[in-house]
Amino acid sequence: GENVEQHPSTLSVQEGDSAVIKCTYSDSASNYFPWYKQELGKRPQLIIDIRSNVGEKKDQRIAVTLNKTAKHFSLHITETQPEDSAVYFCASTSGYSSASKIIFGSGTRLSIRP
Amino acid sequence: ETGVTQTPRHLVMGMTNKKSLKCEQHLGHNAMYWYKQSAKKPLELMFVYSLEERVENNSVPSRFSPECPNSSHLFLHLHTLQPEDSALYLCASSQDPGGQGYEQYFGPGTRLTVT
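Top line first, the protein sequences correspond to chains B and Z. My numbering numbers the first residue of the first sequence as 1 and each following residue consecutively. My numbering numbers the first residue of the second sequence as 115 and each following residue consecutively.
Among these hints, one or two may not hold up.
[Said to hold, decoys possible] With a Cα cut of at most 20 Å, we get these calculated SDA-like pairs of lysine to any residue:
| hint | chain 1 | residue 1 | chain 2 | residue 2 |
| --- | --- | --- | --- | --- |
| 1 | Z | K136 | Z | S176 |
| 2 | Z | K154 | B | S9 |
| 3 | Z | K155 | B | G41 |
| 4 | B | K71 | B | I50 |
| 5 | B | K68 | B | S28 |
| 6 | B | K57 | B | A19 |
| 7 | B | K101 | Z | V174 |
| 8 | Z | K155 | B | S106 |
| 9 | B | K22 | Z | K155 |
| 10 | Z | K155 | B | P8 |
| 11 | Z | K154 | B | E39 |
| 12 | Z | K154 | Z | E198 |
Bear in mind the hints are in silico, worked out from the structure with no lab data behind them. Quick caveat: nothing in here was measured; it's all calculated off a predicted structure.
Chain B with its partners taken away, still in its complex shape:
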């Protein structure tokens, strides 16, 4: 079946350094790729997303890149801060309605070292 692979499962970086999380997907019909952040004991929240007609999107310290040919997309966090510590989930969706199929990656636990 369709799946999304996410790497690494855990990531520890020094405060101020950059962090990169990568995902690959298998469904060639995927057209929307959101990233969710889940802090400890809290609900997942969308932090950035990208659509299949765009190669890169930035929002302050966060950026996402998409390579449709290779079927992978990545989350980049620059100048990391303690509040960036959380679990990050990538996802891919196909379809054009709320009935669209969404598949989440297995998550990356990011820790920021002071």
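With chain B's structure known, arrange chain Z on it following the hints.
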């Protein structure tokens, strides 16, 4: 709490019990979702309802039975659960965009323990 609410927040039940989880969204969305979150599978989609009709059922055991009486409310009825069903159950909602992409708004979850 606004947005998406879930009750109860914590539930302990025996394997022979019957209980229900409730989700309510105050965002005017027309799609709702149930997810199971555990250490083994961090975010596992269980059911999707769009315009109150079930459109996705990811091979979930019949001991889980969803119900969506209207676009604002979603239930998950539980009966004869197994200990491996212990997990955090998250509800989410979204607006059908009629186009590409949509954000899902998650509730705080119900922490379920099956004894």
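Each hint, compared with the structure:
1. Z/K136 with Z/S176: 18 Å, holds
2. Z/K154 with B/S9: Between Z/K154 and B/S9 the Cα gap is close to 12 Å, so the pair holds against 20 Å.
3. Z/K155 with B/G41: Holds, at about 17 Å.
4. B/K71 with B/I50: 13 Å, holds
5. B/K68 with B/S28: 8 Å, holds
6. B/K57 with B/A19: This hinted pair holds, its Cα atoms lying about 16 Å apart.
7. B/K101 with Z/V174: It holds: about 15 Å lies between the C-alpha atoms, which stays within 20 Å.
8. Z/K155 with B/S106: 7 Å, holds
9. B/K22 with Z/K155: This hinted pair holds, its Cα atoms lying about 18 Å apart.
10. Z/K155 with B/P8: The hint holds at about 15 Å.
11. Z/K154 with B/E39: 18 Å, holds
12. Z/K154 with Z/E198: Distance ~10 Å between Z/K154 and Z/E198 Cα, so the pair holds.
Against the hints set out earlier in the document, no violation occurs for any number.
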